Amino acid sequence: MTGSNYHFFSHGGLNILLDVPTGAVHVLDAIAARVFPYFVAGKITELEEDFATELSQARLAWEELQGLTDAGMLLSPEPHFSQRPGGGELKALCLHVAHDCDLRCRYCFAGTGAFGGARSLMDFATAKKAVDMLFSSAARVYEIDFFGGEPLLNLEVVEETAAYARQRARALGKKVNLTLTTNGFSLNKEARDRLVALNLDIILSHDGREKVHNAARPCPGGGSSYKEITRNILELVPLLGERYYIRGTYTARNKDFVRDIRHWLDLGLRRFSMEPVVLPPGSKMALTEKDLPFLREQYWQLAELALQEPFTFFHFNLDWEHGQCGARRAAGCGAGIEYAAVDPQGGIFPCHQFVGEEAWLLGTVDTGIVNAALQDRFRTLGIADKEACQKCWARYHCGGGCHANAWWINTKLEQPYELGCRLLRMRTEAAIYLKVKQALSLNCSEGDFHGKQKGYKQAQ
Amino acid sequence: MKHVVTVYSGEKNTAAKGCGQCATSCQSACKTSCTVGNQVCVNKG
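First to last, the protein sequences are chains A and B. First residue of the first sequence? That's 1 in the working numbering, and the numbers climb one at a time after it. First residue of the second sequence? That's 1001 in the working numbering, and the numbers climb one at a time after it.
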């Protein structure tokens, strides 16, 4: 049951009610769950007729729902934000230090690493200019991700650039966070030692079970990559503490992706994301609407697994205490404004998924961002600018979705990728359910929260 | 007997205009369709 500013769903014996604008989450017992549709519709007369035998409890539930509404935690009004928080300064760069790759992944959005162009590496002079451009903005916290293709093919430039960025941040009294995304295939001992010395956050691509991984992520000659990459990852991860994520992709060929996550757990890995592949309809690996019921069950299974074993699944990380503010959530992805990607030749693009397409060129590291008309298209892509988002209960959880996915699937930046939206809503329901279960287990006996709400923020 | 338990009281979004210093969604951790719901406020985190 969903309205423009609430979402109600039941799973695992819990009736969960989300207030969309504030993100407040309530758990309703059976009678409150039945009363809620009457409350939303303002049908007090009908309530008295339909709940004749349990009217006193129904009225109490109604009063509690009214109390939450009066307190601004239910059916709350939609907030309005006139501009991006902070004004929209550039603060994050994706540096494509290598447009080449030592794998040939079947679903690669980057044309197996070359992004539709010649295979090439970024030189340090270009990387330095990119860092200088980034640091010329008024932001206080910067992010730089070393990306490709495969960035380990250009590790020396990664090292020089990381050192330079840190030196500049110190000199300017600012902070810079560095990450590197790698397929792990070239992570021999020397590369591993150099990577650890760089002290980065590292994203390691791996697809889970051997058969699944090898089918999706072969070597250039078609050979398998699982054994080498798995060994490399398992040798690296113990040296990283919590500064890593395993990043997997599921496709139509491994819709049972929880088994791939189970495989990671069996390997001793504890921090990961597993993302749905985004491919045009008709591709053999593309997910379709028919897959959704099965995938929904997968997310529920994953939530149950998370209750049994300690691990961090990136997309279940709903940080209720330290999450982002409303303005940030309404603004959505910062691509083209706060975030940009730089190709090996110094071309600037709205994000890594637009790299290689001349139509999306914002400028170069020599000129800076000069295509103001293109940049302006990205300024008005918040949830208020997207009709589909206005009706979606998950809008403050996704911020309007991925602009690149919207473009590549619909050729409209303002029209979100619907299949992705539906998957996100499933995933978000599972994440909320998990958080609720965890919260209740800390404070209550299983299946009985009445009168045991100590520690919760109660409705007045 | 309570019929409704509030597990999370929610952000007062109307008052939260933001400093703009937080991550911009997609540049970390997964590289495709990361969501703002997973990100942390740099001032609260």
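Simulated from the structure, these hints should not be mistaken for lab results. Treat the numbers as computed from the prediction; the structure is a model and nothing was measured. Careful, some of the hints might be misleading.
In silico DSS-like links for lysine-lysine, alpha-carbon gap of 27 Å or less [as the list claims (entries may be wrong)]: (1) 1002/B to 435/A; (2) 227/A to 211/A; (3) 211/A to 129/A; (4) 128/A to 1002/B; (5) 174/A to 211/A; (6) 290/A to 211/A.
A few chain A positions that, by computed beta-carbon distances, are all more than 12 Å from chain B [to be verified]: (7) 26; (8) 68; (9) 92; (10) 175; (11) 224; (12) 237; (13) 304; (14) 318; (15) 319; (16) 323; (17) 338; (18) 339; (19) 345; (20) 369; (21) 437.
Every residue gets a Cβ at the ideal spot worked out from N, C-alpha and C, and that includes glycine.
For this session: Verify that the Cβ of residue 437/A lies farther than 12 Å from every Cβ atom of chain B, and report whether the claim holds or is violated.
Result: About 10 Å separates residue 437/A from the closest Cβ of chain B, which leaves it inside 12 Å; violated.
Exercise. Going by Cβ atoms, does residue 26/A stay more than 12 Å from chain B at every point?
Worked result: 5 Å, violated
Exercise. Would the pair residue 1002/B and residue 435/A pass a check requiring their Cα atoms to be no farther apart than 27 Å?
Worked result: Distance ~20 Å between residue 1002/B and residue 435/A Cα, so the pair holds.
Exercise. Since residue 237/A was said not to touch the interface, does its Cβ keep a gap of more than 12 Å from each Cβ of chain B?
Worked result: 15 Å, holds
Problem set entry | 12 Å cut-off, C-beta based - residue 224/A kept clear of every residue in chain B | 23 Å, holds
For this session: Mind verifying the non-interface call on residue 319/A? Its CB should be farther than 12 Å from each CB in chain B.
Result: 5 Å, violated
For this session: Find the nearest Cβ of chain B to the Cβ of residue 175/A and say whether that gap is larger than 12 Å.
Result: With a cut-off of 12 Å, residue 175/A comes too close to chain B, as the shortest Cβ separation is near 9 Å.
Problem set entry | Minimum Cβ distance from residue 318/A to chain B greater than 12 Å, as the annotation requires | 6 Å, violated
Exercise. Non-interface claim for residue 345/A: all C-beta distances to chain B beyond 12 Å?
Worked result: Fine: 21 Å to the nearest Cβ keeps residue 345/A off the interface.
For this session: For the pair we were handed, residue 290/A and residue 211/A, check the Cα-Cα distance against 27 Å.
Result: 24 Å, holds
For this session: Mind checking the alpha carbons of residue 174/A and residue 211/A for me, to see if they're no more than 27 Å apart?
Result: 45 Å, violated
Exercise. Any Cβ of chain B at or closer than 12 Å to residue 339/A, or is the non-interface label fine?
Worked result: The assertion about residue 339/A is violated, with a minimum of 4 Å to chain B.
Hint compliance for this structure: hints 3, 4, 5, 7, 8, 9, 10, 14, 15, 16, 17, 18, 21 are not met, and every other hint is.
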